[in-house]
Amino acid sequence: MSWRGELLAVWAVTLRNALMGARNVFFFFELLFWPIVGVLSIGLMSRFLELTPAQASFVLVGTIALSIVNVCQLEVAYAVLLDVWSKSLKHQFLAPIGIRHLTLGSWVIGMVRSLLVFVLLAALGRWAFDFHVLQPGWVVLLTFLLGCFLTAWVVGVAVCALITLFGNRAEAFAWASVNMVLVLAGIYYPISVLPDFIAAIAKAIPLTYFLDAYRSHYGFESEFAAPIATGLALSALYAALAHWAFLAAIQRARRTGLLLKMSE
Amino acid sequence: MGMLAIDARDVEKTFRSGWLRRRETRALRGVSLTVERGAIVGVLGPNGAGKTTLLSILATLLTPDRGTITVLGHDVVREAGLLRRRLNMASGRPSFLWSLRVGEIVAFYGRLYGLSGRALRARVDALIELTELGPYRRVPYSDLSTGLKQRVALAKSLVNEPELLFLDEPTLGLDPDVAGRVRGHIARLRREAGITIVLTTHYMREADELCDEIAFIKGGQILARGTPGELKRQIRLGEVIALKLDPVRVPWLAEMPGVLRCAEIDGWVECTVDEAEKRLPEILRLLHADGVVIRNVQVHEPELEEVFVELAR
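Going down the list, the sequences are from chains D and V.
Per the numbering used here, the first sequence starts with residue 34, numbered consecutively.
Per the numbering used here, the second sequence starts with residue 7, numbered consecutively.
No wet-lab data here; the hints were simulated from the structure.
All values reported here derive from a predicted model rather than from experimental measurement.
No residue lacks a Cβ here, since even glycine has one placed at the ideal position from N, Cα and C.
Check each hint, because a few of them may be wrong.
Said to hold, decoys possible - Non-contacting residues of chain D with respect to chain V, defined by C-beta distances greater than 10 Å in every case (computed):
hint, residue
1, Ala45
2, Leu64
3, Leu65
4, Phe81
5, Leu82
6, Leu84
7, His124
8, Phe126
9, Leu127
10, Leu153
11, Arg159
12, Gly252
13, Ala266
14, Leu292
Said to hold, decoys possible - Here are the simulated lysine-lysine pairs, DSBU-like style, with alpha carbons at most 30 Å apart:
hint, chain 1, residue 1, chain 2, residue 2
15, V, Lys224, D, Lys294
16, V, Lys250, D, Lys294
17, D, Lys120, D, Lys294
18, D, Lys120, V, Lys224
19, D, Lys120, V, Lys250
20, V, Lys250, V, Lys284
To be verified - To give an idea of the interface, some chain D residues facing chain V are shown, with a C-beta separation under 8 Å as derived from the structure:
hint, residue
21, Trp36
22, Gly38
23, Thr47
24, Leu52
25, Met53
26, Arg80
27, Leu115
28, Ser119
29, Ser121
30, Pro129
31, Arg133
32, Arg202
33, Lys236
34, Leu293
35, Ser296
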């Protein structure tokens, strides 16, 4: 496919997701309600527990990262979920597009939506809890956001693969595993407090490194030697694995007939 | 023989389900099918016969377990990506994203096939006009009636100007007038655009009206194949000579050579004969000689529906 064809297919999916999102009141709810509730409850809890400003920043960084990743990965998962819910999956896979178009197109709109969430939460954090997202500087902040987006892409594609592999019955399982991964990444605590075997799992999650790098600018010593490089390397590895898993799941669904069953 | 759009040989497909207790369903058992370019071929058969499985394999949505399939000159498994640009499919049970409007759905799929800008707008406009969806262009898909949804599916299936179109029960659940219009569209597509069409249907009249050839499938095997006329002859259902007689009862009619059976229905005597052209003059001569008054005579071929019932038995 030519570059123009590649971009058009990605744009088609981006536009489709944007239109669906703009017309669904629940999507709007997802975008605002839970992220705001998260930051407010964590911020108020840190005030009640009389955490130091640095400690409060630590947990607020975690809850903001959780919101960004959740909103963005959900949008990536919509690459398949929208068609599963509307039973139009077979039309999608009858067209000459690859999974890269689906996931990238959804990822683009996911990044836009989670950037909106981030701006909103950053403003709320600043106003309510005197938390400054730009304290570490633009480059560090943008790297942190990139890390969140990459993690979301990997998680979203993995959810797509699971649903394509096991059908829509696997939806609940897919969301549970996503949240488990995020909790293990040291959202609200340094992974040094985790038992060794769980910490080993946490070290395999890219978000752990991006959180560590960002938090190191709020007075917490980095637990890793080269967190950004490690996070990027792990993201690249998992992106390739998730892409392969999704592709294999689609091929299996064509073999088993699940692709048609999910369209009935 | 013209160029083949589809050349499928010995296609087999078995579905396996269940984790602990594995169940196997043999959907296709050595199906072979050829379709010439520009033809409309109907795949008929009872529920669960394997029609949709066959169409889905030919359209690259399913992979076969065995067999060789060439569609538009491409191997259906190895060159599926290339093939998808040149074919499309519409189903009688269409489903698209609920919030998207009619024009947006067609445009979305148009972009997936590489259309953009003015070319995309022109194609969307043309398809909306062709399927008479103009007044519904800005209506969300979830607000459309079944018939309108089917027209959206037809518009979407033509967005890439396919050389080969699969229609899976395209008039399912439609009012007779809407179904008639959809059939009109299908006939026009072949006539004006030369598209090869493979369709499944439960409506025999539709198959009789549209199809150049029919393949009858049951239990994953093609049991009969031919033009509607050939199928009727192949099944040897015979032709029916309906007679309005006075007196109504003529006992010796059923004993005549070439008469397969006779029945009295609503004051008519319906004799099924092997060949009406050969038997009718003799029957009329003998009736006249016997002093029977012949008030009316009609000859008709068996309906395709009767062929279907016979084959499905």
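Consistency of the hints with the structure:
1. The claim that alanine 45 of chain D lies off the interface is violated: its Cβ sits roughly 3 Å from the closest Cβ of chain V, which falls inside the 10 Å cut-off.
2. Distance to chain V confirms leucine 64 of chain D as a non-interface residue, since its nearest Cβ pair spans about 16 Å, more than 10 Å.
3. No beta-carbon of chain V comes within 10 Å of the beta-carbon of leucine 65 of chain D; the shortest separation is about 19 Å.
4. Phenylalanine 81 of chain D, annotated as away from the interface, keeps every beta carbon of chain V farther than 10 Å; the closest lies near 42 Å.
5. Remark: the non-interface label on leucine 82 of chain D is consistent with the geometry, its nearest Cβ contact in chain V lying 43 Å away (cut-off 10 Å).
6. Every beta carbon of chain V lies more than 10 Å from that of leucine 84 of chain D, the smallest distance being close to 43 Å; the non-interface claim holds.
7. Some Cβ of chain V comes within 10 Å of the Cβ of histidine 124 of chain D; the nearest lies about 7 Å off, and the non-interface call is violated.
8. At the 10 Å boundary, the C-beta of phenylalanine 126 of chain D falls inside the reach of chain V, the nearest C-beta of that chain being 7 Å off.
9. Consistency note on leucine 127 of chain D: stated as away from chain V, yet its beta-carbon is not over 10 Å from all of that chain's, at 6 Å minimum.
10. Against chain V, the non-interface label of leucine 153 of chain D holds: every CB pair exceeds 10 Å, the least being about 24 Å.
11. No Cβ of chain V approaches the Cβ of arginine 159 of chain D within 10 Å, the least distance being about 35 Å, so the stated non-interface status holds.
12. At the 10 Å boundary, the C-beta of glycine 252 of chain D stays outside the reach of chain V, the nearest C-beta of that chain being 46 Å off.
13. The Cβ of alanine 266 of chain D sits about 31 Å from the closest Cβ of chain V, beyond the 10 Å cut-off, so the non-interface label holds.
14. Distance check for leucine 292 of chain D against chain V: the nearest CB is about 6 Å away, which does not clear 10 Å, and the non-interface claim fails.
15. Of the supplied pair hints, the one linking lysine 224 of chain V and lysine 294 of chain D holds, its CA atoms being roughly 21 Å apart against a limit of 30 Å.
16. Taking the CA atoms of lysine 250 of chain V and lysine 294 of chain D, the gap is about 53 Å. The hint is violated against a cut of 30 Å.
17. For the proposed pair lysine 120 of chain D and lysine 294 of chain D, the alpha carbon gap of about 9 Å is at most 30 Å, so the pair holds.
18. For the hint linking lysine 120 of chain D to lysine 224 of chain V, the alpha-carbon distance of about 27 Å falls within 30 Å, and the restraint holds.
19. Annotation: proposed proximity of lysine 120 of chain D to lysine 250 of chain V is violated, straight-line Cα distance about 55 Å (limit 30 Å).
20. For the hint pairing lysine 250 of chain V with lysine 284 of chain V, the CA-to-CA distance comes to about 20 Å; that is within 30 Å, so the pair holds.
21. About 12 Å separates the beta-carbon of tryptophan 36 of chain D from the nearest beta-carbon of chain V, more than 8 Å, and the hint is not met.
22. Interface hint at glycine 38 of chain D: satisfied, since its Cβ lies 5 Å from the closest Cβ of chain V, which is below the 8 Å cut-off.
23. Annotation: threonine 47 of chain D was flagged as interfacial toward chain V, and the flag is violated, the nearest CB pair being 10 Å apart, outside 8 Å.
24. Checking leucine 52 of chain D against chain V: minimum C-beta separation of about 6 Å stays under 8 Å; hint holds.
25. The criterion of a C-beta within 8 Å of any C-beta in chain V is met by methionine 53 of chain D, whose closest approach is roughly 5 Å, and the hint holds.
26. Contact between arginine 80 of chain D and chain V, as hinted, is not supported at the beta carbon level, the nearest pair being about 41 Å apart and thus beyond 8 Å.
27. Hint status for leucine 115 of chain D relative to chain V: holds, with the closest Cβ pair at about 6 Å, below 8 Å.
28. Here the hint on serine 119 of chain D is kept, as its CB sits about 5 Å from the closest CB of chain V, short of 8 Å.
29. For serine 121 of chain D, the interface hint holds, the least distance from its beta-carbon to any beta-carbon of chain V being 5 Å, beneath 8 Å.
30. About 4 Å separates the beta-carbon of proline 129 of chain D from the nearest beta-carbon of chain V, less than 8 Å, and the hint is met.
31. Below 8 Å, beta-carbon pairs count as interface contacts, and arginine 133 of chain D has none with chain V, the closest being about 13 Å; its hint is therefore violated.
32. For arginine 202 of chain D, the suggested interface contact is broken, since its CB lies about 12 Å from the closest CB of chain V, more than 8 Å.
33. About 33 Å separates the beta-carbon of lysine 236 of chain D from the nearest beta-carbon of chain V, more than 8 Å, and the hint is not met.
34. Residue-level restraint check for leucine 293 of chain D holds (minimum Cβ-Cβ distance to chain V is 6 Å; threshold 8 Å).
35. Interface hint at serine 296 of chain D: satisfied, since its Cβ lies 7 Å from the closest Cβ of chain V, which is below the 8 Å cut-off.
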